[in-house]
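A.B. asks: Residues per chain are reported as follows:
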Amino acid sequence: MARSAILGSSLAKKYWMALTGLFLSVFLIAHLAGNLQLLDMSPEGQLKFNAYAKFMTTFPVVKAVSYLLYFSILFHAFDGILLAFQNRKARPVRYAKENAGANRSWASGNMALLGTLILVFLVIHMKRFWYEMHWGGLGLDADGNKDLYAVVAAAFSELWYVALYVASMAVLAFHLLHGFQSSFQSLGLNHPRYTPIIKSVGVFFGVVVPILFALIPVWMFVNR
Amino acid sequence: MGNMKLTLKIWRQSGPNDKGRMETYPVHDVSEDMSFLEMLDVLNDQLVRKGKDPIAFDHDCREGICGMCSLFINGEAHGPGRGITTCQLHMRKFKDGDTIYVEPWRSTAFPVIKDLATNRSAFDRIQAAGGFVSVNTSGNLVDGNAVPIPKHDADKAFDAATCIGCGACVATCPNGSAMLFTAAKVSQLALLPQGRPEAKRRALAMVEQMDKEGFGNCSNTGACEVECPKGISLEHIARLNREYLAATVTKE
Amino acid sequence: MALDSKIPPGPIDKKWTYHKGHMRIVAPANKRRIDVIVVGTGLAGGAAAASLAEMGYNVKAFCFQDSARRAHSIAAQGGINAAKNYQNDGDSTYRLFYDTVKGGDYRAREANVYRLAEVSANIIDQCVAQGVPFARDYGGLLDNRSFGGVQVSRTFYARGQTGQQLLLGAYSALMRQVGKGAVQMFDRHEMLDVVIVDGKARGIIARNLITGEIERHGAHAVLLCTGGYGNVFFLSTNAMGSNVTAAWKAHKRGAYFGNPCYTQIHPTCIPVSGTHQSKLTLMSESLRNDGRIWVPKNLEDAKAIRDGRKKGSDIPEADRDYYLERRYPAFGNLVPRDVASRAAKERCDAGYGVNKTGEAVYLDFSAAIERYGKQQANILKIENPSKEKITELGRAVVSEKYGNLFDMYENIVGENPYDHAMKIYPAVHYTMGGLWVDYNLQTTVPGLFALGEANFSDHGANRLGASALMQGLADGYFVIPYTVGDYLADDIRTGPIDTKRPEFDAAEKEVTDRINHFLNNKGSKPVDEFHRRLGKVMWDKCGMARNAQGLQEAIAEIRQIREEFYRDVRVTGKANEFNQELEKAGRVADFLELGELMCVDALNRKESCGGHFREEYAETEGPQQGEAKRDDANYAYVAAWEWTGDAGKANLHKEPLTFEEVKLTQRSYK
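Residue numbers (numbering that gives the first Met the number 0), protein chains in the order written: chain Z, 0 to 223; chain X, 0 to 251; chain H, 0 to 669.
Among these hints, one or two may not hold up.
Restricting the straight-line Cα-Cα distance to at most 30 Å, the calculated cross-link-like pairs of lysine-lysine (DSBU-like) are [stated by the list, open to error]: (1) Z:Lys88 to X:Lys8; (2) X:Lys49 to H:Lys524; (3) H:Lys669 to H:Lys101; (4) H:Lys648 to H:Lys508; (5) H:Lys524 to X:Lys51; (6) H:Lys296 to H:Lys19; (7) Z:Lys88 to X:Lys211; (8) H:Lys648 to H:Lys5; (9) X:Lys92 to H:Lys669; (10) X:Lys150 to Z:Lys198; (11) H:Lys573 to H:Lys508; (12) H:Lys19 to H:Lys662; (13) X:Lys92 to Z:Lys96; (14) Z:Lys126 to Z:Lys62; (15) H:Lys573 to X:Lys8; (16) X:Lys8 to H:Lys524; (17) H:Lys400 to H:Lys380.
FYI, nobody ran anything at the bench for these hints, they're computed from the structure.
Go ahead and model the full structure; you've got the sequences and the hints to work with.
C.D. replies: See the structure below:
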């Protein structure tokens, strides 16, 4: 495949991967902040969550950002697939024996696989919540907002879904462990003094964020 | 003569059009004082005496500086051990009875010539695209001390300039990327005042050539840095990323 | 043919300027009509090819390696001399010139050496401009160090990889011209013959090492920048591929070979560990600044060490013989290379060698570790430091200075040099001899030039440290661009060289015949076996010390090996493929002839000078007893040998060396 003009050189692709990746990381924090409200399973908590969901789907600024988000997800995925495809082509004959563990983290060598798994998860995830919220026939709660909480609670009462969710967060963790610090390197932000800090923050981010995400379905499943 | 016995699994390929395959060779009389290449010499000696085709592999200085030797040994570029090339790898790193895999560098941009020897001319073409300072030979240049260079920058430039162009970075990278090689040259010259006037042009031209050659894309696994016999740092890739970004953004 | 060195008239410091001003030049438009072939892409070849292309000539550059960047210049560690006098220590062009002539034991041509010293400063400026990262001090200025027994600091360096950095500079200049299309690069090509048309070099026959195709390349001038021939000894610090083939073919086509017996043996190399050994590794000369060289005083101790019953550290101080300090109290461990090498050989021959093979001496850092340790303890204000503490502090200092060399040693030998004294032995390192050239670097074949280590010109009988890089770059950047123009001025109307001429047919046929001989010769022994045998003869009888009887034996033995080689060598594979055995066969065949000529030359030179030491010509009495004895009355000449069809029957031509500037004296290091 020829390198398309929009994507430009190998480095341009890196920059876009990094920028979209970092943006998605920021989004994760916002998303997590919203999700953590689910831990409050009281009736008031449920109403608050639904009100929050309404705000997030109707407030113009958030809506505008959400389009950027959709674009980023699609672009990050498309660019990633293209990269993986080209990288595969760069080595048509594989090694009979390759000791990958000797020189790189498992995650760094398997970003495309991890990314693909996350993409699959995203499709299932968005079908279940995002699609339902926008176009599904959702009931209304006491305040007249779409009752997204009920949809979530229903999903997280199914063991297989909770398991899938937790597993996906593990996948996300590995993706972030490499991806977070990698995006800084891609943008050329490397400095003997600051890079170790970025790496530590990356590890913290990559571990804590997915754990908090995973905590919610487990909590809701246990307290269903 | 030593007394180690080894089993070698070596890639044999008679030429660029041959499909190639791994073949097994027992080798005996190996001494732990031998270098890995001397061990292959012993095997080749045994093959020639039997009238068989010896194994082709590239090597020249045998002291770790010319960058001619390669070999992917037991799954690692230049074998186990850090900061050394294959010619500096000694058999005491292995044990009697070991099975050792020996393969050529694997990259679209480094086609196999024969057996373990590959064509790395792609590196020359990247260099020719911009890896230089455009200064002609002249007896009337400015004095070497006319422009002081901070020691820190000179040392950093030297660290990058120690690249021997062996291709271990490409061979070891899961993506087959040549970023460490390209970055080393861009970074060296970007750090020196003599290289600054052409820095933008150089970064753009060398990356363009690198992409044309069919190398993969860097995904910052860091494997190259670990396997690089000269320990060239990822810092230089970051510098290339910065240089290229600045050049792209400000291009007229 | 009488040798004409074409030294320009005038006082020594005006000769080059005068010559440059009076040479003919080729106009820019005409340069485009002229093709130049450069064989070899090391410092000399890379620099020449780049410079000539910048000037406008069409250049074709050849190297046998897979890239121009791999030439063996890359392995030079120490540095490059230049008379910059940045240190204000009294250096000057004249002093560099003087030191080089003296270091060469008065067997170099004064005018060439002066020019070398003169352009040395330009080299540094040129390399800095190219982006060569020389070592700098905290003020951002270029740093210097002192080297190889001279009294000033004039050596520029880039850590222990100066050769690499300079070569990559030349390579980048070359690749810039390749990118522009001004140089056509032929890597993995080996020159197998030079083609002479009407008495002039007009092209080469080269083999494409990948496809095996024999190619003809025509040009108006051919530059050989193909390095030295140290690999005639099989074991040397040269790269495995370093060979004499290009120079030897030129010799057989009429270029005289100058001083073939002048070989430099470097004293500090890692000793041979066994019969499998394929090459030797140099340990930087700088180690001798802090290491003390010794062997046991008692033969029983030496034997016990060889048998593994004792270790070096078991020998008490009183039973150690620091033989360099004993013999040369003034210079001690810092005597020049040739002297240090011979002294090591003398001790080992007497039975005091300290490794399995009996060919190694100790280079011991324990005294330095203790000295530095105490110093550090003082600096750190540690009172009554324990022995362990001193050792620990001392090791840290030694590691700071030589850590990478110690690591390299441990990697190869498998023994920690901090705990056990390093073992070293001399090894072949550089060849001062080479194709005879005049002041213009032209051989006795018009249009055929030789640059760098491939020629004989600047180092006399012994090369000073950090001078090889200087000569390679001087020849390539600053000499040949002028002198080749003087020759090519006649060729502006010649037009492209026709490679269909019968001379090319004939040369190509010789090359193919030879290849076919090897491949069809159903012998039984691999090429390397003959090479090892040749190497052993050369090392034993034409190495660090030579005598008439040994040399005569060597000549007979080499002829014997050569005869057997042609009869019994086995070369596998085909002609039209990548065939490394075939490459080696061709090179060894040439070494087998060169080796004989080296012995003939060594036999002829009945004196000892520099790297050439004839046991019969040593001081027999007085304070200099046992030291080299030059014979200026009879041997102050360059021996230029003409091929007559048999290496043993070469014709000797003498170029008398006259010394107008430097007074001939005996070198003394006592």
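A.B. asks: Determine for every hint whether it applies to the structure shown.
C.D. replies: Taking the hints in turn, this is what the structure says about them:
no.	hint	in the structure
1	Z:Lys88 to X:Lys8	holds (25 Å)
2	X:Lys49 to H:Lys524	holds (10 Å)
3	H:Lys669 to H:Lys101	holds (16 Å)
4	H:Lys648 to H:Lys508	holds (25 Å)
5	H:Lys524 to X:Lys51	holds (13 Å)
6	H:Lys296 to H:Lys19	violated (58 Å)
7	Z:Lys88 to X:Lys211	holds (13 Å)
8	H:Lys648 to H:Lys5	holds (27 Å)
9	X:Lys92 to H:Lys669	violated (45 Å)
10	X:Lys150 to Z:Lys198	holds (28 Å)
11	H:Lys573 to H:Lys508	holds (17 Å)
12	H:Lys19 to H:Lys662	holds (28 Å)
13	X:Lys92 to Z:Lys96	holds (18 Å)
14	Z:Lys126 to Z:Lys62	holds (18 Å)
15	H:Lys573 to X:Lys8	holds (24 Å)
16	X:Lys8 to H:Lys524	holds (25 Å)
17	H:Lys400 to H:Lys380	holds (22 Å)
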